[in-house]
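Q: Next come the chains, spelled out residue by residue.
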Amino acid sequence: MAGLSTDVLVIGGGATGAGVAWDAALRGLHVVLADRADLGEGTSGRFHGLLHSGGRYVVKDPLAAEECIAENRILRRIAADCIEDTGGLFVTTPSDDPAYAERFAEGCRATGVDCEEVEPAEVLREEPRLHPGISRAFRVPDANIDAWKTAWALARGAHERSGARVLPYHAAEAIHRRGDQVVGARLRDVRTGDELEVEARVTVNATGAWAGRIAGLAGIEGVRVLPGRGIMIAMNHRLVNTVVNRCQMPTDGDILVPIRTVCVMGTTDVHTDDPDDQTVAEDEVQAMLEDGERLVPGFRRARALRVWTGVRPLFQDTKEGVASTRDVTRAHTLLDHAERDGVGGFVTITGGKLTTFRLMAEETVDAVCRHLGEERPCTTATEPLPGSEDGEHYMLGERLARREDGLLDDQLVCECELVTRRKLEEAMRRRGTSNLDDFRRVLRLGMGPCQGGFCMYRAAGIMHGLDGMSAEQANAALLGFLVERWKGVWPILYGDQLRQARLDDWIFQGVLDVGHLRE
Amino acid sequence: MRRTLHYDAVVVGAGVAGLTAAARLAESGARVCVLAKGVGSTHLAPGTVDVLGYEPDGSEPPRRVDSPARALPAFVAERTDHPYALLGVDSIRPALEWFAERIEHGPQQGYRYLGEMERNHLLPTAVGAARPSALVPETMAAGDLRGTGPICVVGLHPLRDLWASLCAANIVRLGVEARAVEVGLDVDRPDENALGLARRFEDPGFRRTFADRLAPQLRDDERVALPAVLGVRDPHGVWSELETWLGRPVFEIPTVPPSVPGMRVSDALRAALRAAGGRLVVGAEVGGAERDGERVTALQAHTAGRDTTYAARWVVLATGGFNSGALALGSDWVVRETVLGLPVRGAPAPGARRFVPEYFGEQPMSRVGVAVDPNQRAEGLENVIVAGAALPGAEPWREGSGEGIAITSGHRAAELVRAEEGLGAAV
Numbered sequence: 000m001a002g003l004s005t006d007v008l009v010i011g012g013g014a015t016g017a018g019v020a021w022d023a024a025l026r027g028l029h030v031v032l033a034d035r036a037d038l039g040e041g042t043s044g045r046f047h048g049l050l051h052s053g054g055r056y057v058v059k060d061p062l063a064a065e066e067c068i069a070e071n072r073i074l075r076r077i078a079a080d081c082i083e084d085t086g087g088l089f090v091t092t093p094s095d096d097p098a099y100a101e102r103f104a105e106g107c108r109a110t111g112v113d114c115e116e117v118e119p120a121e122v123l124r125e126e127p128r129l130h131p132g133i134s135r136a137f138r139v140p141d142a143n144i145d146a147w148k149t150a151w152a153l154a155r156g157a158h159e160r161s162g163a164r165v166l167p168y169h170a171a172e173a174i175h176r177r178g179d180q181v182v183g184a185r186l187r188d189v190r191t192g193d194e195l196e197v198e199a200r201v202t203v204n205a206t207g208a209w210a211g212r213i214a215g216l217a218g219i220e221g222v223r224v225l226p227g228r229g230i231m232i233a234m235n236h237r238l239v240n241t242v243v244n245r246c247q248m249p250t251d252g253d254i255l256v257p258i259r260t261v262c263v264m265g266t267t268d269v270h271t272d273d274p275d276d277q278t279v280a281e282d283e284v285q286a287m288l289e290d291g292e293r294l295v296p297g298f299r300r301a302r303a304l305r306v307w308t309g310v311r312p313l314f315q316d317t318k319e320g321v322a323s324t325r326d327v328t329r330a331h332t333l334l335d336h337a338e339r340d341g342v343g344g345f346v347t348i349t350g351g352k353l354t355t356f357r358l359m360a361e362e363t364v365d366a367v368c369r370h371l372g373e374e375r376p377c378t379t380a381t382e383p384l385p386g387s388e389d390g391e392h393y394m395l396g397e398r399l400a401r402r403e404d405g406l407l408d409d410q411l412v413c414e415c416e417l418v419t420r421r422k423l424e425e426a427m428r429r430r431g432t433s434n435l436d437d438f439r440r441v442l443r444l445g446m447g448p449c450q451g452g453f454c455m456y457r458a459a460g461i462m463h464g465l466d467g468m469s470a471e472q473a474n475a476a477l478l479g480f481l482v483e484r485w486k487g488v489w490p491i492l493y494g495d496q497l498r499q500a501r502l503d504d505w506i507f508q509g510v511l512d513v514g515h516l517r518e
Numbered sequence: 000m001r002r003t004l005h006y007d008a009v010v011v012g013a014g015v016a017g018l019t020a021a022a023r024l025a026e027s028g029a030r031v032c033v034l035a036k037g038v039g040s041t042h043l044a045p046g047t048v049d050v051l052g053y054e055p056d057g058s059e060p061p062r063r064v065d066s067p068a069r070a071l072p073a074f075v076a077e078r079t080d081h082p083y084a085l086l087g088v089d090s091i092r093p094a095l096e097w098f099a100e101r102i103e104h105g106p107q108q109g110y111r112y113l114g115e116m117e118r119n120h121l122l123p124t125a126v127g128a129a130r131p132s133a134l135v136p137e138t139m140a141a142g143d144l145r146g147t148g149p150i151c152v153v154g155l156h157p158l159r160d161l162w163a164s165l166c167a168a169n170i171v172r173l174g175v176e177a178r179a180v181e182v183g184l185d186v187d188r189p190d191e192n193a194l195g196l197a198r199r200f201e202d203p204g205f206r207r208t209f210a211d212r213l214a215p216q217l218r219d220d221e222r223v224a225l226p227a228v229l230g231v232r233d234p235h236g237v238w239s240e241l242e243t244w245l246g247r248p249v250f251e252i253p254t255v256p257p258s259v260p261g262m263r264v265s266d267a268l269r270a271a272l273r274a275a276g277g278r279l280v281v282g283a284e285v286g287g288a289e290r291d292g293e294r295v296t297a298l299q300a301h302t303a304g305r306d307t308t309y310a311a312r313w314v315v316l317a318t319g320g321f322n323s324g325a326l327a328l329g330s331d332w333v334v335r336e337t338v339l340g341l342p343v344r345g346a347p348a349p350g351a352r353r354f355v356p357e358y359f360g361e362q363p364m365s366r367v368g369v370a371v372d373p374n375q376r377a378e379g380l381e382n383v384i385v386a387g388a389a390l391p392g393a394e395p396w397r398e399g400s401g402e403g404i405a406i407t408s409g410h411r412a413a414e415l416v417r418a419e420e421g422l423g424a425a426v
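Listed in order, the protein sequences are those of chains A and B. 0 is the number of the first residue of the first sequence in numbering that gives the first Met the number 0; add one for each residue after it. 0 is the number of the first residue of the second sequence in numbering that gives the first Met the number 0; add one for each residue after it.
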């Protein structure tokens, strides 16, 4: 069996885990980062894409609001390329309690969240699709952030700075203890079945909603994460170009986030016992469409591309006699198992939100350093991620500009998201994976209105042309993509998107007859 | 002022079903006008005539049909709601014969369809899967996977919609010897779709250069597979010239849309309609109807610049299903027929599953169509006859039955009108 030896093993490749890897690498530590799936495939990528200004929490949870605005300012510097500076609005629609607006404005002042009241008429000129009955509106520094791009930039940075090993599709099978010390873990490559032993001075459990399971592997009881699932719906256009929040207490269906070529309506909150619960309930879909109508009249007539479920981790310590190490209002929880359970070399970080991943990583690596008995200061608040060195935010027109540069010599593979053949081949060579969903996440291949109808056959053909790729692998990649895609499509298939899906069926099941590649 | 035009029959939709019904009616002496929002699904389909390719019987993937003629009687006996059960198996053959004749005598000189209902061809798709079709263009017939000779799949660099290496590798998996070669073309852009290439292949100089580049790469006994780009106007000329120059069988493989062979079908049927005195208005969206009791007396169409009323004794509704927008599923999960607001049949009950989570599974929403009587008449209306994908009960891409249903139902719609109107036999 193959083996690795490292300072820090991070289990969980979401924004937090990748952030821990980046932070630790900047502090000069050797890191192995493992996830059972692709980076950002769990909770991190399954959100609406919001970089919080903190506005959402100024009334309900002021401490979280303060954290958000502080991290928002930091991430705009260090992860500039992953962020599009759309700005945000809180608007009082006719369905919202008008009294909340005053509490909101006061909360912003108290927590330091930048906020400026604007005339509803001005907002409606900027965002003409919004409900014309808006009575008040506030501008806040919300933005969107690409979670997959962020996770990969963090991982790449960790690799560049201290040679971090990044292992997607490596599930933790066992966590090894020597007495009261966690000394590493056995990972299994879920694609090949190969096992890998990792010896680590400290192991970080950054598995969010799955943290209880992973802690259990280390023999630690009572780490209970109550997963709360919420659905998100991607619409095929940017119905708004600014993040729009309903100005009311946080509730279901209160936000519309424009991100890349789409906008995402979120979300619901339903408690579940299983972090792998991907249920999309019919009544939640209907309720969300109704909420969409409250923000953007006619929302139901727009094309809904896809729906997905994200599972947020809500931590509850059930170990007897142990108080939570954090104030309950704090959104994230760090468990130092040496203090809590007398088990050294093991730290759990859970809860939180994408906007605060850097802070969570900083606190986690501080704890790691305490375990190692080393003094290593954190520098992530000032060090830009790879690709963000110039401090320029992502602009929506970037891809079109790049595409126009290559117009005469580069083929276009995905028309919806302007993914070129060169870009795709480069990513395929770099990743060495045959999972087309991996390229969907990093390139947005197949994420547009046709949902892969035209590009996925091309991508499979291109992939097959690369060295060492068999027809079986290319077929499996294509079929796997279609099967996976459908899961997010069918629960919300109606209107013009059903027309689109029918065209895709004609292409794949009619013209290409891919179903019979299964024989 | 709204103008009113008078016809014996107005056909809505210019896909295979609509054009078949219209041309056939015009040939019988009826005054016919086709109103179409856009081009039909011909431009998306592979251009083959699939009558019955698979028998979805619960097995996955569905079992392949070798002989539609032999399989159909049992197929319809088990599926009394299927369009073929409604149309009658016996009505398929004459309809297909009519269709094949229209292509053969159409504007693409010498171009014809080969095959019969007794035996499906088994043609490779662009991904290299084997696809059963009853009638196929002569330009595709040599691709039958049960035929002899190894296959050389030719990739054309600017075309993104047929990947030769993957296609060839999957043909090998079917037990047929195959390989791929790439031929560079003198095309001044990195992307060119099938239609763009088809236009270039109509230039003799262009295809001569292509043949000269390909010939040295070929082995003695190989058949040559090309993306279906061998011309729109004169496919027979382009294809037979390449066969002569290369000295071997050449065949086309349908690409991802736009479909060049599909456009040929559309062109041929439009020509048949025109030749018989029929009229086609593309860009005419039907937005309402005038009724007199159980008869529709006129359709209102939005056309460029003005709205026009088309008064007609008969209406043939060949508008397609969800793919064309003729049927729409709302976010309230109610299915509506969007052109005339007709009742639909086959929709899952409220609260029942609309789709299943398995992508390749049978989707409950797939069989919805306009509710009709045994004579294809829309429920409650005496003079509206439904044809093609608007009919309920089929899952054409899973069954490989789309063109068979379209041609047969279009043909039979014309027959029904003819019988009622006492029109003469077709020319």
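Everything labelled a hint here was simulated from the structure, so no lab data went into it. Treat the hints with caution; some may be incorrect.
To be verified - Derived pair list, reagent style EDC-like, types lysine to aspartate or glutamate, alpha-carbon separation capped at 16 Å:
no., chain 1, residue 1, chain 2, residue 2
1, A, K318, A, D340
2, A, K486, B, E357
3, A, K486, B, E420
Q: A separate judgement is required for each hint: does it hold in the structure or not?
A: Hint check:
With a CA separation close to 9 Å, the supplied pair K318/A and D340/A stays within the 16 Å bound. Distance hint between K486/A and E357/B is fulfilled; the C-alpha atoms sit about 8 Å from each other, no more than 16 Å. Under the criterion of a C-alpha separation no larger than 16 Å, the hint pairing K486/A with E420/B is inconsistent with the structure, at around 51 Å.
Checked against the numbered hints above, the structure violates only hint 3.
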